[in-house]
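Visitor: Chains A and B supply the protein sequences, listed in that same order.
Numbered according to numbering that gives the first Met the number 0, the first sequence spans residues 0 to 314.
Numbered according to numbering that gives the first Met the number 0, the second sequence spans residues 0 to 513.
Note that these hints are calculated values from the structure, not bench results.
Among the hints, erroneous ones may be present.
Claimed, not checked - Short derived list, chain B residues pointing at chain A, Cβ under 8 Å:
id	residue
1	P58
2	H134
3	K136
4	P204
5	S207
6	K233
7	E234
8	A237
9	S240
10	T244
11	E246
12	W396
13	A435
A virtual CB, placed ideally from N, CA and C, is assigned to each residue, including glycine.
Letter by letter, the chains look like this.
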Amino acid sequence: MMYAYITRRLLMLIPVLFGVSIFIFVMMRVVPGDVAMTILGTDATPESLAQLRKEFGLNLPLHQQYLNWMGGVLSGDFGESMRSGQAVLPDILSRFTITFELTLLSALISWIIAIPMGIIAAIRHNTKTDFSVRMVSLLGVSVPNFAMATVLILVLALFFSYSPPVGYIGFFEDPLRNLQILILPSLVLGTGMAGAVMRMTRSSVLEILRQDFIRTIRAKGARERVIIFDHALRNAMIPILTIIGMQVGTLLGGAVIIEQIFSLPGLGQLVLTAITQRDFTVVQGSVLFIAFVFVMINLLVDVLYSYLDPRINYK
Amino acid sequence: MKKFWVLVLLSCIAIFTVACSGKDTKTEGEAGEKKPNAEQTLKIANDQEPAGLDPHKTPAASSVRIYSQVYEGLLTFDKDMKIVGQLAEKWEQPDDLTYVFNLVKGVKFHNGREMTAEDVKYSFERILDEKTASHIKSYFANIDSVEAVDPTTVKFTLAKPDATFLANLTHSSAVVVAKEVVEEKGDLQQTAVGTGPFKFEKWVPDNSVTLTKNPDYYIKDTPKLDKVVYYTMKEESARLSAIRTGEIDFTTVSAKSAELLGKSKDLTIKPYQSLEYSYVGFNVNNKPLNDEKVRQALSLATDRQSIADIVWNGDAVISGPVAPSMSDWAIDVTKEEFYQKDQDKAKTLLAEAGYPDGFEIVITTASTYPDMVDTAQLLQQQWKEIGVKATIKQIEWGDYIDTWSNKKADILIGRNGSGTDPDRALNYFFHSTGSANVWNFADKNFDSIVEKGKQTIDTGERKQLYTQAQKELLNLSPNLFLVSPMNFVAVRNNVEGFTPYPHNAQNIIGVSIK
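If we strip away everything but chain A, and leave its shape as in the complex, we get (with noise of 0.2 Å):
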C-alpha cells in the first residue's frame, strides 16, 4: 500500500517540476537584462553583444530555447554557466552536499535545544521555567539570522580574536577543518529554527499532555518518563515533524544569506550569484533541483507521519 502511495507521490513530480521548468524560465526572459550585457558591461558594443546571444542560443524563438534546455535536463545534461563556463549539474551537485551538511547540522543543533527545552516548558507549564523557555524561543524566531551571524562574527573576533578558517573544505577531506567552518553558521541556523520547534513542541506536548489516555496511563501507574517519551512525545510529533519537514526543505534551497556572510559556496550562493548576473542555465537548473528537494523532503515527512501514528495510513 505504502509503495503504491509513494510511486504515486513520484509520478505526481513529473507535472510539478515541468510547471516549475517552465514557470522558472519565463521569468528568467522576463526580468530586464540578459547574460550577454552583464558580462561585457560598459565594453559591450552591438556586435559582440549580437555574438554572445548567438553563442548561447539566445537569438533563438523561446519556445525552441525552452526545448533545447529540457532536452538536454531530461538527457541528464544541465548544460554549461553562460558566465564561466562550468557544467551546471555536477556544480549543483558538488555546492548540494554543503548545503545539506550545513542543513543536517543546524537542525541537530536545533533538535537538541527545541526538543527537551520544549517538553520540559511543557511539563512546568506555568512556571519560571516555562516562561523562560517561551522568552528564549520567541528571541530564537524573532532576532534575524543575519544580525546574529554579524554579531557573532564580529564579538569572536574582536574580543576572542577568532575568526573560522577562510576557505571551504570537505567533511573527508578533513573533518576537524570541515566543522570548524560550519559550527557558526550552523549555531546561527540552528537556534534561529530552535525558536519555532520549540514553541510548537511545547503547545504540542502540552495539549497531548491533557487528554484521557494520558491520565489514563498515569492512573495506571506508569512513570513520568514513559509517560513523556513513549505516550507524550511520540503523539505531539506530528505537528513538529511538519514544522521541521518545512525548515529543512527551505534550508536545502540554500540558506542565501548565512552562506554568504559566511562564505559558505552552497546552493543558496550559487543562485543568488547566477541570478544577478542572469546565468540562465545555472538559475534554471538549480530552481528545478531545489524544487525536486522540496517535493522530496514532503514526501518523506508524509512518509513518516504514517511511521509515527499508525492510524494515518495512504490509500
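Chain B: place on chain A using the hints.
Guide: Chain B alone, transformed into the frame defined by chain A:
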C-alpha cells in the same frame, strides 16, 4: 533528569570549544616553522567570485586581478602610469602605421612550450575574431595585420594612425595566450596557461582560486611567493574579521572599514587613487535634460566636495571625465565654471531654460553599490535647494545594466573606469557613435576633436586636443563628473614588498612573507 540536561549542555559547549580550539593548536605548529623560513603562501580575500578566466572574453575586475598574474601582454604601465615593456623587450615605430616589437627571449608558457611571435599573432587574431566576442575588440579595430617576422619579432600594421595603440596594448586583457590550449579546451574560461609569474592550479567555485609559482619565470628570483590563494568572501565583516585574526593576509576594504582597521597594529592600510570616477548621466534626448542650461544648473547645484566627504569619508578627489590619477591627461577641474557651487546662478539658468520653479525627475541607481545610493541621496538634497524635486529609484544590478545600455533612465548614477588612454574616457563614452555613449549625446565639435586626438601621434598636440575636449564636455555637461575615490588594501604586517598602484592594485610580483 536535570543532571542529564546539564550533561547535554556541557557536552555541547565542549564540542564547540574543541572545534574552535583545534585551529589554535594548528597555528602554533605553523608559527613554529614560520620563524626561520616562512611559508611563502599569500592568502587574499576578494569580494567577488571570478566570472571566468578567459582574458580575451572576461572584463570583470574579479577575473582580471587573477588572470593578470598568469598572463602577460606586450606592454604594461608602471607605477607612474608610464608605458613599459612586458613581453616586448623593445619596440619601434618606423612609420605612422607600423609598429615592430622585439620579444623577450626565452619566455615559456606554463605548459613548457616557448612563446614566440606566432603566439602574439594568434592572440590578436583571436581578439579580433568576431566569434570570440571579445570585449577588447573595439580597442584594436585599427589593426590591419599582425605578422610574425621571426620567432622574436612581431609587426603590427594599422589601417590608420592610432595614437591610442600603445596604451591599448597595456590593457590587462590584451595578453598572449597559447593556441593549443584554446584548441584543446574550446575557450579559456576554466583554465589559464600564460607566461606570467604564477601558474594556475585550481578553481573551486565560490570558494578559492589557487596559483603557484612559475619556476621558469624569465625574470630571475621572481616571484618570491610559492603560492597565492584567492578566497571569495563576499561579506565585508567576514573579510575584516579574517584579516584581523590572520586567517588571510590581504584584502580590499571600503573607506569606512579602512579607518576602523587602521587602528589594528597587526596590519597596514595601503591607499591608492583609483582610475574610477562617479558620475551622473543624463539622457540628453529627454525633457528637461535636453537643455544644456538645465544640466549646467544641476552641475552648479552639486557640491562635489560634500560627496567626497560624506560618501567616501573624505577619501576621494574631485574628478572630470578623465580621472585625476591619469595625471598626464586629466585637467584640473576644480577651477572650472560649473564646478563652483552657485545656487543663484543655477536658479537663473533654470529660469532661462523655462523652469523657474524647478521640475520633478527620477534618479536611477543600483542598490548593489551603497556609494551610488548615498550619492543619489546627497544629490536629491542638494538639487532640492534649486527647486528640483528628485525621487530615487534603486534597482538591482542586472536591471541596472539593462537600463544603462537601453537608455531607459532620465538620470543614472554610476561609476566609470577611465581606462588607460584618454581616448577611452572621451571617445568611447561621449563620441556620437561611441559604443558606451548611452546618453544620446551628439556634438559635432566634440566628435571632431576626439577623432583628431585618436590620430594625432604627437603627445603635446594630443594633450591640447584632449584638454579642449574635456572642457567642451564640462561645458555641455552630458554627464556630471563627480569624484574619483581612493581604494584601500589592508595587508598583514608579515607581507613585505607590496605597493598598490592604479593600474595594478594587486601587484604581488615582488611580495614575500616574512
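Visitor: Honestly, which of those hints from before does the structure not fit?
Guide: Checked against the structure, no hint fails, so every one of them is satisfied.
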